[in-house]
Amino acid sequence: MLSTGLPTKTWPAWAILGIGLLGSVYVSLQVKQDTENDAVRQFAYACDQVTLKIEERLGAYALILRGGTGLFSASAVVNRREWRAYIEALQAAKGVPGVQGIGFAQVIPPDQLSTHIARIRAEGFPDYTVRPPGERTLYTSIIYLEPFRDRNLRAFGYDMFSEPVRRAAMEQARDSGEAALSGKVELVQETGKEVQAGTLMYVPVYRNGAATNTVDQKRAALIGWAYSPYRMNDLMGGILANWTSLQGREADLHIYDGTRAIPQALLFDSKPLMTPALHSIFYQTRTINFYGRQWLLEFDQAITASSISHASAWWVLIGSLALSGLLSGLMLSVINTRAEAVRIAAELIADIKDHSEQLGAIFDLSPDGFITFDAAHRIKYVSPAVGIMTGLKDDDMIGLDEAGFSKDLANLCMPAARFPGVARLREQQNAVSAGIATVGPTTGRAPDTYGKRPAGTDGRRQIIELTGCGNRVIEVRLRIARTENTSQILYLHDITRETEVDRLKSEFLSHAAHELRTPMASIYGFTELLMTQDFDKAERRDILDTIYRQSELMISIINELLDLARIEARRGKDFTIERVDVGELLRDVVGGFKTPDGRPSPTEPSSGGPLWVSADRKKLIQAVSNVISNAYKYSPGGGTVGIELVPPTSDVPLLGIRIVDHGIGMTPEQLARVCERFYRADVSGKIPGTGLGMSIVKEIVELHGGQLELTSKVGAGTTVTLWLPAGNVEVGTQAPDTFPSSPKEQKA
Amino acid sequence: MTLKTTVLIVDDDGDLRNLLRISLENSHRVIHEAATAEEGLRLALDAVPDVLLLDIGLPGLDGFDFCRAIDEDPTLWNMKTVIITGHDAAEDISQAERFGIDAYLIKPFSPRTVVELVERLEPQPHKMMVILAD
Chain A
1 MLSTGLPTKT
11 WPAWAILGIG
21 LLGSVYVSLQ
31 VKQDTENDAV
41 RQFAYACDQV
51 TLKIEERLGA
61 YALILRGGTG
71 LFSASAVVNR
81 REWRAYIEAL
91 QAAKGVPGVQ
101 GIGFAQVIPP
111 DQLSTHIARI
121 RAEGFPDYTV
131 RPPGERTLYT
141 SIIYLEPFRD
151 RNLRAFGYDM
161 FSEPVRRAAM
171 EQARDSGEAA
181 LSGKVELVQE
191 TGKEVQAGTL
201 MYVPVYRNGA
211 ATNTVDQKRA
221 ALIGWAYSPY
231 RMNDLMGGIL
241 ANWTSLQGRE
251 ADLHIYDGTR
261 AIPQALLFDS
271 KPLMTPALHS
281 IFYQTRTINF
291 YGRQWLLEFD
301 QAITASSISH
311 ASAWWVLIGS
321 LALSGLLSGL
331 MLSVINTRAE
341 AVRIAAELIA
351 DIKDHSEQLG
361 AIFDLSPDGF
371 ITFDAAHRIK
381 YVSPAVGIMT
391 GLKDDDMIGL
401 DEAGFSKDLA
411 NLCMPAARFP
421 GVARLREQQN
431 AVSAGIATVG
441 PTTGRAPDTY
451 GKRPAGTDGR
461 RQIIELTGCG
471 NRVIEVRLRI
481 ARTENTSQIL
491 YLHDITRETE
501 VDRLKSEFLS
511 HAAHELRTPM
521 ASIYGFTELL
531 MTQDFDKAER
541 RDILDTIYRQ
551 SELMISIINE
561 LLDLARIEAR
571 RGKDFTIERV
581 DVGELLRDVV
591 GGFKTPDGRP
601 SPTEPSSGGP
611 LWVSADRKKL
621 IQAVSNVISN
631 AYKYSPGGGT
641 VGIELVPPTS
651 DVPLLGIRIV
661 DHGIGMTPEQ
671 LARVCERFYR
681 ADVSGKIPGT
691 GLGMSIVKEI
701 VELHGGQLEL
711 TSKVGAGTTV
721 TLWLPAGNVE
731 VGTQAPDTFP
741 SSPKEQKA
Chain B
1 MTLKTTVLIV
11 DDDGDLRNLL
21 RISLENSHRV
31 IHEAATAEEG
41 LRLALDAVPD
51 VLLLDIGLPG
61 LDGFDFCRAI
71 DEDPTLWNMK
81 TVIITGHDAA
91 EDISQAERFG
101 IDAYLIKPFS
111 PRTVVELVER
121 LEPQPHKMMV
131 ILAD
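Protein chains in written order, with the working numbering: chain A, 1 to 748; chain B, 1 to 134.
Read the hints as simulated data drawn from the structure, not as lab findings.
Note that CB positions come from ideal geometry on N, CA and C, so glycine has one too.
A portion of the hints provided could be inaccurate.
The following label-pair restraints were derived from C-beta to C-beta distances [to be verified]:
1) B/TRP77 <-> A/THR595: 49 to 57 Å
2) B/ARG42 <-> A/ASN411: 19 to 27 Å
3) A/ILE555 <-> B/PRO59: 19 to 27 Å
4) A/VAL501 <-> B/HIS126: 56 to 64 Å
5) B/ILE131 <-> A/TYR548: 55 to 63 Å
Among chain A residues calculated to face chain B with C-beta under 10 Å, some are [unchecked claim]:
6) GLN30
7) GLN106
8) ARG343
9) LEU516
10) MET520
11) ILE543
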């Protein structure tokens, strides 16, 4: 997937995943917490409600009892009937559930006990007595208790003051003047079946009109208590019933008498059959303070599957996990994509750099000129060769528009071969592409210049001749580019040399043809004369002589032409190089040379040791023979022809073969041209020759890696020296690179 | 009495001069020869030839230089000029035309052709027309 190179930094993705995970967990925990908190809050609210209700109820009970005491304010004595009426009126209103009964306990001073019992019995309760029996400092008795039936009957006549728990509450009520709630008791109403925890509330009744400011006064004024017993389950029954139906859950409520949750203080347990579990999160407590009596309410709720809906937490968890996963996945993908893109870009850049480098090198090294035009047809790049070719400065050209450049270049051109301009080139090119223009020279010059390339266009390229940096023949081509930023590229190719070579070749050929025509004129003309006219014997003899002579000349020319051509074509490749003793070779040449007119042979060099060169023996013989022949030819007045050998020195590692004549010599102008093909120093026609001899010598010497040296003085003679590299040398390596060779290159 | 026609041959090739002389020489022609343009000019001014046979490829001053020199001398304006040369290049031909050359002969040539040419170019013998009454 990913290639090697810089390791892809995927940590952001993993970081996101990690953070996401943590976040998800955290958030979902938060949600769970919130959900739970909500549930707990709701529960707490409900608890508050319950607590409130209990308090309200207790308050209501106290009010009812106060109402009962009110009866005693209204009349001095309250009898059973009045009490009953009050209670029945209350119950008719159905306002207060859970009340077991509402009663009145009378204070009985010990000395009035018997009287009291007698009186009550007289009301129709023959079995009435104050229970428990025994001597006490003070007696009380429940004389009224409504509804006076069922369990309540058991309380009739009971002295609550004798029981410590009840007594504490009664004393508190008496001394405070307020309602008081007793601690946990077992009510006398209990029959042994379904025993519930109970509690009683007392409200003191004072003698009407008595002062009750101080505790002592209260004690003195007390006539009894209005009281209510409550069975706890019954008391609570109404309160919790709403709860279950509202909340739909089973709440667990323990009410403890006091402030400690100890089993003996347990007043109420909403779920007595359930084993107490550890406190759940819902667990909370409330305290009720009823005139000093404290109840501890323990609320709890079983956490069932439905008690708290963790669904939202789970959804949040799943959702955030999914989101984290997505995000980190996305991040990973982005990272990978980016890494890939970077890698691709790097590759591309490397490629481009590579290409750029290559291109730069090519442009710098190339002898051809390239000019690039941008989209607005302005020059944006010029390769180094352009300046070299044209002499135009790179700085001047950059930014120049098409027309400006065309003008500049045209100004550098020779009139006959002027640059037509970039726009024109483009037209021509488009015409060719469209198949309109013809292929062929279009300048109007006659197409007969053999070998000479006319300055014109063949539709795709233009040839111009510059005079800026030397005379150059430049081939110009235009390429229409196909990119956004490049409109076209102009290509300049220097074909001066090729053109020159072509020109020389064709010149040579036409010159050669011309040279052959001259002897041909004699041969042809004289032959015709012989056929059409009569001549005497002597005249005929002369004419035939001329024909013969001219034929010989033609043969020489043809042979030497072929020689020359062959030597140049092969460039010395068919030279057979061997070690040649020059002294011995010269002796052979001289020995085989037929001097004209019986003149003496050339004088040979003094024989020393062998002097070696690496040479093609035959060609060397030919060269030396040519020079010797010239020496004789150009000393028609006689004189000796001498051959010398110049041995190589450490400064000049060349061996020289020197031929000296004392003939007519040459002027400096003639000397300069002597090695030109067909150049003949003698114009009188008296000295026969093709004019090719010295060209051949020069060619041979130079293909051996040597040089030809000529000196001459008019009237005194000429000296020709063939310099050859001494020892071993590769043939053809130092040969000048010209065809044909011009006298300018001859290093004389 | 018929006047003799003067022909001047200017060519550096001795054999060619000989050929031309042998071809053209007859009772009513006088043949002059020169091997160089300088010598030819001297002879031309001296002899005022009727026909000039001129080689272009002369050493020193070439044939066209010779023509330029002739142009300047009114005495030679009537002289007919035939250029004889081995060059058949269009440039040379058109240059010859500009000089008002009368004929351009390319080597090798047939002597018969030269004879006919010279006969055409040299002044014709004077012929009086006799017009008879009807």
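Hints, verified against the model:
For B/TRP77 paired with A/THR595, a C-beta distance near 53 Å keeps the hint of 49 to 57 Å intact. A beta carbon spacing of about 48 Å between B/ARG42 and A/ASN411 contradicts the range 19 to 27 Å that was offered as a hint. In this structure the hint that A/ILE555 and B/PRO59 lie 19 to 27 Å apart at CB holds, the actual value being about 24 Å. The given range of 56 to 64 Å is respected by A/VAL501 and B/HIS126, whose C-beta atoms sit roughly 59 Å from each other.
For the pair B/ILE131 and A/TYR548, the supplied restraint of 55 to 63 Å holds, since their beta-carbon distance comes to about 57 Å. At its closest, the beta carbon of A/GLN30 sits 107 Å from a beta carbon of chain B; the interface hint therefore is violated under the 10 Å criterion. Interface hint status for A/GLN106: violated, as the beta-carbon distance to the closest one in chain B is roughly 169 Å, over 10 Å. Nearest Cβ of chain B to the Cβ of A/ARG343: about 68 Å, over the 10 Å cut. The hint is violated.
With 10 Å as the threshold, the beta carbon of A/LEU516 comes within range of chain B, its nearest partner Cβ sitting at about 8 Å, so the hint holds. The beta carbon of A/MET520 is positioned within 10 Å of a beta carbon in chain B (closest approach about 4 Å), and the interface hint is therefore held. Below 10 Å, beta-carbon pairs count as interface contacts, and A/ILE543 has one with chain B at about 8 Å; its hint therefore holds.
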